[in-house]
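Asks: Protein chains in written order, with the working numbering: chain A, 285 to 825; chain B, 229 to 786.
What the hints contain is simulated information worked out from the structure, not anything from laboratory work. All C-beta atoms in this analysis are idealised placements derived from N, C-alpha and C, irrespective of residue type, glycine included. Wrong hints could be hidden among the right ones.
[Claimed, not checked] Label-pair restraints from in silico Cβ distances:
| no. | chain 1 | residue 1 | chain 2 | residue 2 | range |
| --- | --- | --- | --- | --- | --- |
| 1 | B | V424 | A | S622 | 57 to 63 Å |
| 2 | A | R675 | B | A295 | 56 to 62 Å |
| 3 | A | G710 | B | R623 | 56 to 62 Å |
| 4 | A | P482 | B | P763 | 50 to 56 Å |
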Amino acid sequence: MTTPRPAPSPAPRRPERAKSRSALGLRVATRLTPRLTPRVFPRLFRLAALGLAALGLAAPVAGCHRKEMPRVEVFDGDSTPPETEAIGALAPPWPPAERAILGDNLLVHWLHEDGSPQLHLRLLLPTHGVDAISPAAAAVVAEGLALEIRRINQRYGVTVGVERRVDRLEVAVHGREQDLDGILLGLGRVVGVADAQPLLLRARDAAAGSLTAIDGETLALGALVSALVGGEAARERVDAAAIASTSGDELAKAWKELVDPARVMMIVHSGRPVPEALLARLGAAWPARGLLGGKGPDAALDRLRPAKRSEPSGPPRRLLADPAATIGVIVTPSPMRSGPSLYLGRSLALPDARSRSLARLAQRLLQEEYDARLTIVGDRGIFVIRLGIARTGKAVAPEDDAKAAKASAPTEGDPRVARLRQGLDGYVAFLRARHSRQRLAQAAELWLGARMVQASLTGEDWTALWSESIDLSGRDGEIAGALARDAKALLAVTPDDLSAWFSEWLDFRKGKAGWAWVAVGGDADLPAALRGLAPTEALSP
Amino acid sequence: MLPLPPWMPTTPVLKAAIAGLGLALATPLPAASEPATSSPAAASPAAQAPTPPVSKDMSSETVTVGADQALEAVLECGLRVRIARDRTLPVAAVILAVETGPEDDPPELPGLTHALAYQVLQGNRELRPGEAVETVHGGGGVANLAVGHAQVRYESLVPASRLDQTLWIESERLRFPTTRASTWKQALGWAQSDPVAASLLGADARAAAHRTAGLGHDGRRVGDGVRDLTEAALAIQLRARFDYARSTLVVVAPEDPAAVLATIEPLFADLPRSTRKAAVRLPGVRARGDRAGDPAPEGATPGAATPGAATPGAATPGSTAGSAAKPAGAGPQPPAPAASPPAGTGSPAKSAAPAPGADPKSAPTDPKAPGEAAPDAGEAPSYPLPETVLAGTHRAPLLAWSIPGTPEAQVWAAAVCRALARQRRVADEDRKLRLSCVVDPDPRRATLLLQVTGTEDLVGAASARLQRLLGRETQLLATQGSVLANELRVARSRPLELARQLAAAAEISGPARPQARDLDAVTGVAALADPAELPRVFPSIVDCGGAVLLVRPEAPKP
Numbered sequence: 285m286t287t288p289r290p291a292p293s294p295a296p297r298r299p300e301r302a303k304s305r306s307a308l309g310l311r312v313a314t315r316l317t318p319r320l321t322p323r324v325f326p327r328l329f330r331l332a333a334l335g336l337a338a339l340g341l342a343a344p345v346a347g348c349h350r351k352e353m354p355r356v357e358v359f360d361g362d363s364t365p366p367e368t369e370a371i372g373a374l375a376p377p378w379p380p381a382e383r384a385i386l387g388d389n390l391l392v393h394w395l396h397e398d399g400s401p402q403l404h405l406r407l408l409l410p411t412h413g414v415d416a417i418s419p420a421a422a423a424v425v426a427e428g429l430a431l432e433i434r435r436i437n438q439r440y441g442v443t444v445g446v447e448r449r450v451d452r453l454e455v456a457v458h459g460r461e462q463d464l465d466g467i468l469l470g471l472g473r474v475v476g477v478a479d480a481q482p483l484l485l486r487a488r489d490a491a492a493g494s495l496t497a498i499d500g501e502t503l504a505l506g507a508l509v510s511a512l513v514g515g516e517a518a519r520e521r522v523d524a525a526a527i528a529s530t531s532g533d534e535l536a537k538a539w540k541e542l543v544d545p546a547r548v549m550m551i552v553h554s555g556r557p558v559p560e561a562l563l564a565r566l567g568a569a570w571p572a573r574g575l576l577g578g579k580g581p582d583a584a585l586d587r588l589r590p591a592k593r594s595e596p597s598g599p600p601r602r603l604l605a606d607p608a609a610t611i612g613v614i615v616t617p618s619p620m621r622s623g624p625s626l627y628l629g630r631s632l633a634l635p636d637a638r639s640r641s642l643a644r645l646a647q648r649l650l651q652e653e654y655d656a657r658l659t660i661v662g663d664r665g666i667f668v669i670r671l672g673i674a675r676t677g678k679a680v681a682p683e684d685d686a687k688a689a690k691a692s693a694p695t696e697g698d699p700r701v702a703r704l705r706q707g708l709d710g711y712v713a714f715l716r717a718r719h720s721r722q723r724l725a726q727a728a729e730l731w732l733g734a735r736m737v738q739a740s741l742t743g744e745d746w747t748a749l750w751s752e753s754i755d756l757s758g759r760d761g762e763i764a765g766a767l768a769r770d771a772k773a774l775l776a777v778t779p780d781d782l783s784a785w786f787s788e789w790l791d792f793r794k795g796k797a798g799w800a801w802v803a804v805g806g807d808a809d810l811p812a813a814l815r816g817l818a819p820t821e822a823l824s825p
Numbered sequence: 229m230l231p232l233p234p235w236m237p238t239t240p241v242l243k244a245a246i247a248g249l250g251l252a253l254a255t256p257l258p259a260a261s262e263p264a265t266s267s268p269a270a271a272s273p274a275a276q277a278p279t280p281p282v283s284k285d286m287s288s289e290t291v292t293v294g295a296d297q298a299l300e301a302v303l304e305c306g307l308r309v310r311i312a313r314d315r316t317l318p319v320a321a322v323i324l325a326v327e328t329g330p331e332d333d334p335p336e337l338p339g340l341t342h343a344l345a346y347q348v349l350q351g352n353r354e355l356r357p358g359e360a361v362e363t364v365h366g367g368g369g370v371a372n373l374a375v376g377h378a379q380v381r382y383e384s385l386v387p388a389s390r391l392d393q394t395l396w397i398e399s400e401r402l403r404f405p406t407t408r409a410s411t412w413k414q415a416l417g418w419a420q421s422d423p424v425a426a427s428l429l430g431a432d433a434r435a436a437a438h439r440t441a442g443l444g445h446d447g448r449r450v451g452d453g454v455r456d457l458t459e460a461a462l463a464i465q466l467r468a469r470f471d472y473a474r475s476t477l478v479v480v481a482p483e484d485p486a487a488v489l490a491t492i493e494p495l496f497a498d499l500p501r502s503t504r505k506a507a508v509r510l511p512g513v514r515a516r517g518d519r520a521g522d523p524a525p526e527g528a529t530p531g532a533a534t535p536g537a538a539t540p541g542a543a544t545p546g547s548t549a550g551s552a553a554k555p556a557g558a559g560p561q562p563p564a565p566a567a568s569p570p571a572g573t574g575s576p577a578k579s580a581a582p583a584p585g586a587d588p589k590s591a592p593t594d595p596k597a598p599g600e601a602a603p604d605a606g607e608a609p610s611y612p613l614p615e616t617v618l619a620g621t622h623r624a625p626l627l628a629w630s631i632p633g634t635p636e637a638q639v640w641a642a643a644v645c646r647a648l649a650r651q652r653r654v655a656d657e658d659r660k661l662r663l664s665c666v667v668d669p670d671p672r673r674a675t676l677l678l679q680v681t682g683t684e685d686l687v688g689a690a691s692a693r694l695q696r697l698l699g700r701e702t703q704l705l706a707t708q709g710s711v712l713a714n715e716l717r718v719a720r721s722r723p724l725e726l727a728r729q730l731a732a733a734a735e736i737s738g739p740a741r742p743q744a745r746d747l748d749a750v751t752g753v754a755a756l757a758d759p760a761e762l763p764r765v766f767p768s769i770v771d772c773g774g775a776v777l778l779v780r781p782e783a784p785k786p
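Chain B with its partners taken away, still in its complex shape (with noise of 0.2 Å):
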């Protein structure tokens, strides 16, 4: 098998130093400094318009970028570009970073991204098969392959005098990748051999949790389907996943930024114009007037939601083997809404439907989640109620919230879960309440989730906390805000982390021309300094109604 550890969203040295500090995070935290897009509402069209292909004389242009400042860019071809500088010792850090993942397999066709991850290593008419892994360990770098549930990252740490070298690979890698059978099986074999990434979720469990039907399959799983594509249908399916355009080259050298952009520039000169289609993440929604307490909106349909992906200007890969890329907004359908309770219930629990995927026939016949209890009959609850789905293995409920797939969103959800361990009980609160709060990462499908035990009303004592956190233990959250921040900028003082951080920043408008951008706004730290974004970023976790309660279904009776 190839030497590769495939991991996805795994960063050994941050999440050693965050779990070092008891932080509930694990994964590198994204980074951007533009307005969240975490809402269908929030992302404007304007906001997601895509960015036009860079002018030709852009190198030309001086931009002087400083020691906390990253350049960005994009090229003619799609393909953005930050670079950073980092002089402590003399490695490069290289990613490219291609936003497509298991996500986005076609429903007919579980497992192709995956496989299609390690097929790209498979070389082209440049590179033989296996030569960029080769060329990096042979000056005595590191490779990785880094499988996402919507980025795929191959990621290189170099000697600076590999630099060059390296990126005329990344400028190789994503060109014609050969399609022969003998490859295609080679590369099959080792997205099968593959370990199932640990992570905190099911997939019926994430799914319901992000709304979103195509994370309802585990992505290293390879169907029939997979393995019987034919080489024109590999090359298609390639062409639209694995696409310069919906890519992000992330550099962190020791080199002056903008002498790195000219040397990158040529290297994909030759690469048709395109312009951008990387696709913005965002949650799937629950239907409006779902939320208890809210007003149903006229003509609102209870159950229905939004789908999962929006692809400005951009399109979702194909679905069926052998098709073109689907145009925008056709990604994958949403899971089936879980019915929720009748506003003013307050019985989240009664009308739960199972995940997708999940059996219906594992229903209980009782659907209250075990150590829940409903309000009184006929008393409306005072806050609003999560929508309850049968899905995930957790013996207790979880509610679990949807972490928009910015970095403010993302760095904020781990603050969040440290004030929420470090919250004191007051006086009404049960004795024996505990909460546990841990982030499932990924760098644009990261799930926040709870586990409230020790009391009857699970919902109402995370909305107490929730409130009293946004309320008058802002301070709090201030601080383990500030925490957080330092330790981002710790992490980020290693090339390759800070490359993590880069290439898990949010999909922007822009900029075509270069722009020197500072890293604390790219990596999303900027936002931690204000408790009062933490509503604007993610809107979600102001309380429970946007979350999703995930209780396990029981095992149907013999």
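Bound conformation, chain A alone (with noise of 0.2 Å):
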């Protein structure tokens, strides 16, 4: 998977001058504080040197100091596919990436364009492993970075964006490669700070007033993702009131934590190779705290995938047939925009390029008839289809909502269950209609040419699709070739595999068990409407 760099770079590797041993054993920055001049308090700088030192104290102040070259090495070289193979294969054509991995434990992999006058630079920040940090205070502290990074590079005129994928949060800078020193140098002093306290308490003030209330859409997904993998749902979700409720002692904590460069991964996308001397000052700007001590995997996905994953509560389960799942209802004290809704979903194992196509290629056709939606991750999916539900137009009142549910008997002969019926028709309809070669080429040209098209108007920036390369991945070697391997897996699909897979997987009647649904909306009697569909169970919005 990785080979020897070839060409050394120019750098030292160890700039001796710089260090001596202490009495630890320790390397010590022999200028513990560069800024202030010994000429003007010299007694007074020995002595406070030599009271830290006996203190034991000097050994973490000398660490921050502490500037190892990184090592460098040629990634993953056999599996990068060539430009016009790559061109071909509507996957962008970047060349081996080579990974550095810093003195402080920091992972980088690095994409070098020759000649690119952009540069691109994303810290993932898992957010999994944790327990003891919610997912509020982890949302604050990728604001927090955010914030400060773009506050730090103003002059740079970067433009920094917070983005959330599954277990990870992640930062993406973009600016001029003329500005990468500054950039990189900026970053360590964002990440060096020693109390981030006050930067958190700013940044949980921006994110709660910039989040707008949940809607019922994202409570019937939290809950119908959380009835299939596992979790709880409450948890997992982030709001103005739970951002709001998060302490500074909490926020530093998870800062502590997610941005502890033993766990956090940083992609760059750079018109320069592996500048070793800066990356060299990043690691030793850049402090190790969290509780892996500064001992983090070097394999990307061991950083970003959960070791042990959560698992559903119960057995698997279909829909409309045994084993069946029970409807979960969510009433929300108002009637939503968009219309009550049965949200249906399933959990997919995807082991392979070529299943990961499949469930790709089955998604975008079933999106032409409807709200079809999947996320991959790794060598799993969650896949979910959302049916609208007729509205009635009786909303709920906030008091006697429980009430209502309650009293309303079963209606069998409700006109809501018969669309919805009907719409669960169509779907089997559709799946197990015939779909010509034609079509499914179609199909996966529209779903591979738009990635790309999608990737240039948002500034071609490598890093975006290396993060995605990762979702698309089973291990740190398959990284590079994934888009292309994916989509030559996609173009290979036949109306026959299809058709196989849409049986396996996608029938909630006679396919594999593993099948979850959600509806959500603001008519008091839904529940009870649904009944006449499945059994129902409350959630609680």
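Once you've looked at the hints, go ahead and assemble the two chains, each given alone in its own frame, into the complex.
Replies: What follows is the structure in structure tokens.
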């Protein structure tokens, strides 16, 4: 998977002048406080240094200034598709990436595009494995990081954004290649801040102020995903109230863990090769603080994917067939703008490129007639279909929603149920229809083409595509070629392959079990009406 | 309505990037490397000579195109081709830019070109209605239609695998567009439902600033004459305006430009030979001797103006329904000149005239511009005075410069704006003096607008600032030029942005044979290296004499 980097860097790997060894055997910087001039207070300065050393405090202080050159290697050179092949497969024609592991254990994937005037830098902050940190606190940390990077790099006119992916938050920085040094050093100042609490409190206020209330769809999708993959839906929810209620201490703790270089991964798309000396300075400025103690895994997927996954409670179920799943019903206090909806979802096992491509193609075909969604993370996927429920206009009064739900009797002939049955039958008929090869090719080309066109319009940022590639990979060695491989597999799907896959995975009556469904709406009698379809279970909003 | 966001000179990505940096520039900055033809004097016949058709064996020539170069050629049919390479992602940007626009609308047919631009989307014998757009969308691409004052662009961003198909579409697009009444009615509906383009200037003010009567109407409003066009008249109008000989095909793709050119040539090979017809848009000029301090030439007629568009070896589209193309130089008439003050009186507003199309009754009884004080009676100002025109809706008077339609001029205009915003106040300036500069973008008819407040002598203050900028503060200008050059280079790292910059490049004579040209030169960025270029590429900016002072007409008293 990795090969030694061929050309040694001109920068010295171990600048001996900058270091000596302390009595404890640790490398210690000779200039502890470069900004102070010892000439002014020579005696005081020496005394202070001696005092610190005697107290055993010198080691951590020195650690902050330790500048180790990064380990750099050509990463995954063999599996990177050649440029012409990548372009033919509608995948980015990136050269073999380089992997650098900094002295503080920060993992960097460096994508070098010769001559590019743009710089894209992406920090991936895994949010799994730290149960004590709430998603709200994690969101504030990402927001704080973005705010401070934006502020410190204001002179370079960078744009900074926060993106959310499964099990991680991403902070994307876009600027100019010529400002790379300044931006990386600025990043070092941000992550090296001794007390992040004031920054985080500002970020908390900004984040809480910018969030709108959680809508019914988010509630339903949260409940559905929770039913499919386990975990607690409410805990994963990030809303203004949850963010506003996070304390300064909680945020500081979250910062310490999430911004730990042993957990974080950085992807850079730059016009120049790995600047080792510059990365060494970043590594020196970025202290390891978290529970990992500066020992994070070298593999990207080991950092970004949880070692142990949550499992759904109870056995896998089907819809409208045994073992049947109950419909979770969320009644919102006010009617939803998009009307009441029923969300059907299932988890998918996607162990290889072929199965991922089948799932994606299935979603693209269904998307032509339904609101179909698919999220893929490694060998697992979540598939969701939304069906609209006819409106009745009976809004629920806040004080009597529970009473109304209990009082209403199941309605066999409810038109809403009849419409839903119609919709479900139509969905099954769509699955059982045979789709021509040409139609499959069109759907595949549309998806692949739109992905690249969208990437071009949003700034030609390879780091975003690399992040997507990570989600399509089962191990680090697959990342570089993941998009090209999946594209080829997508174009190779035959109508027979798809029919078989439809029957196995998306037929909720006869296919594999593993389904769940959740309805959401503002109608008071929604639970009662849906009982005409299947047993229901009230879920709190 | 067709899912095409009709915008004009919008380039969201560049706009966002530049807006983020506080630039007052919002258009894909045009570009070109050739000597600017920014004034009629500069537009020598030689420079504007029609480009001869290319020889047949041009594809056999080997042209090496570097990473920072574009391949340029003019095909036998008169189509100009510009091709550049971008290998970051497997996508290709294709733009067919037709050098026509509402400016060319005959006075009796306002809105014609805008509606025709939609009619071209209705297909022809090879393309069914909407097929061009559907093909792009079917591959996951995006399609835009952009109608500027003097340029119409069909833009596509497609996956690289669809490049050949997209090029074929462009080779068919302008061939005998359908003229069926039903499709024309639909095209008119699309044109009418377009939102009015966000612009800093009203039509009358723009026409006055450019001294071009053709700009004096909102090109999106369709008149009755346009609605009543017969199929035959429609065909004539389409043929006169939407012609490959007045178009430029721009391609930015991962492939080698020479290979792309080899793909393009056969697609257009069956079209008849034609000379290049694209018009060079020139700002109208103020009558000689108008500027205070200028010696009045012998025989000069105060108030005379030159037509706004020169069409070297070309024809401006016909001005009446069903008529053939008009001969060169017979374009729209310039606006009625605003009378200028006699040289040396220093009273620019005293003989202000309404802009073309403005209601003469709305002329103020006291034409003195608000906030503007004339120098003392009998004292000649030390600076040239602008022509004053009653036009626009801005509360405070605006100084407006017509920016020549060359990329060098446009990038320098943006740099001037940036520099003006960063100048420091000097001791003798009013403490309340504020200058606000912005560029109203358009690939061919851009305008530099300067608002001066907090002083009674706004022309004097603006003149002093410009004088400083071109004199002792030239370093500030150079710095802003350098910053802007970097921004433009970053912006053009995206294929669609680069294609837009190439489409906005100036019309030059040649090259008939394929030729590699530096991107910096084509996009005008190279000119930013030397502030001494500014007076050459944008001569009227050197003082206020080349500007028009736009003063809002007072509402008529009831």
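Asks: So does P482 (chain A) sit 50 to 56 Å from P763 (chain B), Cβ to Cβ?
Replies: Given a distance of about 52 Å, which is inside 50 to 56 Å, the answer is holds.
Asks: Is 56 to 62 Å right for how far apart the beta carbons of G710 (chain A) and R623 (chain B) are?
Replies: With a Cβ separation near 60 Å, G710 (chain A) and R623 (chain B) satisfy 56 to 62 Å, so the hint holds.
Asks: Given the hint of 56 to 62 Å, is the C-beta distance from R675 (chain A) to A295 (chain B) inside that range or not?
Replies: holds (58 Å)
Asks: So the hint says 57 to 63 Å: do the beta-carbon atoms of V424 (chain B) and S622 (chain A) match that?
Replies: Check failed, 31 Å falls outside 57 to 63 Å.
Going down the numbered hints, you'll see the structure goes against just number 1.
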